[in-house]
Amino acid sequence: MSLVDFIKGSYTEFKDKVEWPKWPELQSSTIVVTIGTVILALFTFGVDTLFSKSIANIISFFINLFN
1 MSLVDFIKGS YTEFKDKVEW PKWPELQSST IVVTIGTVIL ALFTFGVDTL FSKSIANIIS
61 FFINLFN
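Numbered continuously in the working numbering, the sequence shown closes out at residue 67.
Hints may contain errors.
To be verified - Cut-off 20 Å, straight-line C-alpha distance, at most; resulting in silico cross-link-like pairs (EDC-like, lysine to aspartate or glutamate):
1. Lys15 <-> Asp5
2. Lys8 <-> Glu19
3. Lys17 <-> Asp5
What the hints assert, rightly or not - Simulated restraints on C-beta separations:
4. Leu3 <-> Gly36: 34 to 42 Å
5. Ile31 <-> Leu3: 50 to 58 Å
6. Ser54 <-> Lys15: 26 to 34 Å
Since the hints were made in silico from the structure, they are not lab data.
Glycine included, C-beta positions come from ideal geometry on N, C-alpha and C.
Using the sequences and the hints given, assemble the complete structure.
Put into structure tokens, the structure is as follows:
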């Protein structure tokens, strides 16, 4: 199978056999992914902030303990 045959076959497959999403379906999927990404980012920010403050408190506790 040559490269040209492969490209022709791929084009035919994409054109005739692939079912592309309709515009409303694509919009709703995009909204779901965007909301999920924002929620995950906020959760990660919250956990990171909590761990950062916890570690800072533990370090300052040990510094004050030995001073």
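Consistency of the hints with the structure:
Distance check on the hinted pair: Lys15 and Asp5 sit about 15 Å apart at the alpha-carbon level, within 20 Å; holds. As the CA atoms of Lys8 and Glu19 are separated by approximately 18 Å, the hinted pair is consistent with the 20 Å bound. With a CA separation close to 17 Å, the supplied pair Lys17 and Asp5 stays within the 20 Å bound. Distance hint check: the CB atoms of Leu3 and Gly36 are about 39 Å apart, consistent with the given range 34 to 42 Å.
Between Ile31 and Leu3 the beta carbons are some 40 Å apart, a value that contradicts the proposed interval 50 to 58 Å. The hinted range of 26 to 34 Å is not satisfied by Ser54 and Lys15, whose Cβ atoms lie roughly 56 Å apart.
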